[in-house]
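**Student:** Chains as they are written, first to last, in the numbering used here: chain A, 1 to 392; chain B, 393 to 949.
Note that these hints are calculated values from the structure, not bench results.
Glycine residues also receive a C-beta, built at the ideal position from the N, C-alpha and C atoms.
There is no bait here: all hints are sound.
Sample of chain A residues at the chain B side, in silico, Cβ under 7 Å: (1) A96; (2) R97; (3) D194; (4) P201; (5) A203; (6) N206; (7) E215.
With a straight-line cut-off of 30 Å between C-alpha atoms, the simulated DSS-like cross-links for lysine-lysine are: (8) A:K202 - B:K420; (9) B:K840 - B:K519; (10) A:K202 - B:K928; (11) B:K749 - B:K634; (12) A:K53 - A:K202; (13) A:K53 - B:K928; (14) B:K856 - A:K50.
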Amino acid sequence: MQKVLEGNHAISWGAKASDVKVIAAYPITPQTQIVELLSEMCTSGELDAKFIKVESEHSAMAAVIGSAAAGVRSFTATSSHGLLLMHEMLHWAVGARLPIVLANVNRAVGPPWNIWTDQNDSLSQRDTGLLQIYCESNQEVFDTTLQAFKVAETVSLPAMLVLDAFFLSHTSEIVDVFGAETGKKYLPPFKPVDFLDPDNPKAFGNLTGPDYYYELRHKIHKDHLRAIDVARRADAEFGKIFGRSYGLVEEYRTEGAETILVTSGTITSTARVVIDERRERGEKLGLLKIRLFRPFPLEDVRRVLTRARKVLVIDRNIGFSIGGIFAQEIRSALWNTRVHVPLFSFIAGIGGRDVTPGVLNEILDIASAVEYPEQETYWIGVKDEELSYTGR
Amino acid sequence: MSSKKRDFRDESEMPLSAVAADDMRWNKTGSWRNIKPFYDPKTSPCIASCPAGENIQGYIELAREQRYEEAARLIWQNNPFPAICGRVCYHPCMDGCARGSLDRSVFIPAIERYLGDYAIEHGLREKRPEKTLDDKVAVIGGGPAGLSCAFFLAKKGFRVTVFEAKPLMGGVLRYGIPEYRLPKTVLDAELKRIEDLGVEFRPDSIVGKDVTLEELGQYSAYFVGIGLQTSRRLGIENENSKGVMAGLEFLEKINTGEPVEVGKCVVVVGGGNTAMDVARSSLRQGAHVTVVYRRTRDEMPAIEDEVHEANEEGVHFRFLSTPVGVIAKNGRITEIRCQEMELGEPDESGRRRPVPKEGAYFNMPADSLLVAIGEKPESKMFEAVCSISSGLIVTDEYGRTSNRKIFAGGDVVSGASTVVNAVARGRGAAEVIAAELSGKQFDPKKTKKVVAIADLNTAYFLQKDRAQMPRSDGARGRRPFAEVNMGLTCEQVQEEMSRCFSCGVCDGCDNCYVFCPDVAISRHDGTYTIDYDYCKGCLICVQECPRGILSTESEGK
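Can you make the complete structure from the sequences, with help from the hints?
**Tutor:** Printed below as a string of structure tokens:
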């Protein structure tokens with residue numbers, strides 16, 4: 001069934017197709033429509049789920065931790081400061097091995113207040129152990145909601161799907177959706193590994209000393225690594241049933257490419273157009289979209305990027321002093337390889353600033369003019385004459 | 393994948409996350425506690441603010457279950473006059489009501505009135521005592537204090553005779569409060585309940601004339617509740633002119649149906665309830681009425697509702713003014729000379745003292761001047777037998793006078809007060825008399841702690857409008873003395889009672905049970921117990937109890 005949906009509502013439909021049983025959320029711009037529609041669905045009865053109103057995002061995550069621990073499929077959504085407030089509970093959900101799915105609309109962090117998109121909120125959760133998937137279109141958002149549950153429940157870890165504020169959250173596209181009955185073909189009912197059972201009382205999350213804590217953390221690490229293949233299979237299976245799949249990373253026109261641009265989120269769509277134009281002009285350019293950020297698809301990234309002579313990473317985020325966060329990940333992925341590929345790290349679009357074809361062309365121009373990056377990090381478009389790399 | 397194992401040799405044997413192999417009962421977390429919650433039912437603030445100590449929360453709870461008869465009987469344990477007090481009381485219970493901190497206090501008198509009327513409509517009678525005692529007790533004064541005392545003594549089996557100077561019983565309830573506030577049928581019905589208990593009514597019996605102190609002395613004890621009978625005078629020029637009348641005298645005429653001519657233009661002096669009754673009754677004679685009061689509306693001692701209703705009905709107010717002289721023509725009042733006042737420093741009552749404004753005089757035309765500036769007692773006849781100060785009988789807080797056989801209560805002890813105060817004093821004296829006549833030491837009941845509004849968790853209550861009291865056409869209607877406030881319907885009363893929080897009284901909401909993070913609270917047959925082996929003293933139960941049932945005590949080491 002085709003519908004015109006904004007990205008937020010695509011998630012709501014995705015949660016409905018996943019037949020979630022508990023939703024707990026607190027409203028925050030630009031996420032609110034997700035849970036608004038879900039609460040309406042719960043009220044009308046078209047979604048048979050319990051909607052728990054809470055007073056903060058910390059409580060929202062705490063509530064779905066409770067419901068997931070009780071053995072039912074649980075969902076929440078948030079953005080920016082809401083996600084940051086959840087932080088402690090994210091660690092808990094991971095340690096308790098609860099396959100909650102969380103949708104995060106990427107929004108810049110204050111101060112100063114800013115409701116527009118960038119990735120620092122979700123990337124600040126990098127080491128919580130949360131699985132992270134970055135989406136490019138509203139269709140991908142809908143499909144990824146189901147895939148996220150599939151992966152999360154297979155490896156008993158929570159997952160976060162991420163979409164850009166406004167560029168996806170509030171922009172309408174045609175989305176092919178289906179209901180829970182169809183969803184079941186792909187996503188069977190949730191079977192918890194262990195759950196709160198009044199007839200069989202147990203305590204969870206007990207004090208665990210150095211003798212075993214270490215192993216429990218190691219098991220999370222191993223399951224993260226396992227989740228790479230689980231995610232690959234989950235995506236392939238989705239493709240087999242519904243005819244749409246996305247890969248963990250997506251290569252776009254990388255055949256024979258000497259320079260490969262690395263993107264995530266909606267910048268990817270703009271980059272596709274620019275790559276097409278410059279390919280027409282004979283430039284050997286390609287694109288690598290990173291969809292799965294955690295677990296990090298190291299082998300996939302290495303396989304593609306070690307073929308290039310230059311790697312350009314665009315980050316809509318900043319790790320202050322060290323540079324873009326995706327750039328750091330890719331730089332470290334490329335270290336233990338036999339080839340050395342120069343890596344250009346570009347910062348663009350933070351706080352929702354547009355990343356236009358012009359911006360991308362500027363980036364490609366900078367990199368084509370030199371053999372090797374002249375700076376560790378290029379901030380593109382800063383209002384400063386001295387930082388105008390191309391003199392425009 | 394949980395495992396009963398406690399020791400693992402290989403990571404693969406371990407569960408995904410820490411899960412107890414068994415339950416956690418061995419871990420007695422109660423030892424961490426330094427403060428202890430405990431169930432401690434308390435008195436609702438409405439009950440604590442009722443001078444008669446009516447179990448308001450209790451009768452509301454019964455009436456919510458449509459157990460109206462039991463509810464009415466519960467009121468009678470403290471007050472034989474729910475139909476009367478539901479109409480005329482100044483309802484301090486509503487000031488105490490905790491719901492005021494959420495939206496507006498519960499309309500308690502309307503509920504009380506409903507139950508009082510229910511008892512009348514259903515002809516409910518108080519049960520006669522199982523045995524009659526030998527002791528005979530006399531009550532002097534058939535007003536609210538005396539009748540309350542008689543009622544509670546009779547319930548205990550004493551043989552009680554009430555002496556009343558006037559031809560009918562009721563005192564201020566009959567001769568003071570007008571019909572539009574308290575219909576005589578309601579009064580008669582509640583008086584009959586007392587008579588039905590075996591109390592002997594002796595009207596037209598003036599002490600010192602129809603009954604002597606010697607005769608009274610032959611009773612085992614007697615209670616004096618004669619109230620205040622004489623209106624104070626202004627003490628101004630020409631006060632004896634025709635058309636100047638005492639407020640009480642006017643009301644008595646109105647209440648006994650004696651014809652009274654007030655003319656077209658009436659001025660009432662005073663700011664108390666008598667003044668309001670006089671003003672509204674004059675209005676019902678078709679007059680234009682102005683109340684002259686020496687302070688402002690804020691300082692008026694009258695019940696707020698009465699002032700509001702008087703104002704609504706069209707009574708005019710002239711504040712910060714006081715009459716200084718009557719101007720008469722041929723011995724009949726034509727005008728009143730007034731002086732303007734201003735508020736000075738607070739007096740001993742805490743109200744700002746009115747101070748005359750020099751040279752600021754004005755005249756008001758008047759066909760009548762009705763003086764309602766207070767009443768004083770006529771207690772001379774008891775001077776020989778008990779101690780009296782400024783006309784008021786001196787008693788301790790339980791109504792004992794200087795004479796072991798004589799007790800007193802109501803306005804003759806406290807000065808101008810309220811019906812409910814008189815009822816409370818009458819009952820208190822009955823308790824003391826009963827104890828002393830049976831040779832026991834009087835032991836006042838200890839009351840439970842009162843819930844503080846801060847101890848409630850009003851987040852659990854939704855806002856809800858208070859019921860609206862339907863009104864008759866009022867002063868300008870075809871039947872001006874018809875009762876103004878017409879009472880709530882059964883449905884309205886149920887809606888109104890649903891607004892009651894039941895402060896301090898557990899209704900089994902389960903919050904403590906649900907919220908306890910240590911699962912230390914268990915529930916059996918609607919009651920809860922805390923297992924102190926596991927209670928860590930986090931006090932979430934205390935916080936989440938909507939009704940303030942739980943209290944805490946520290947367990948310092």
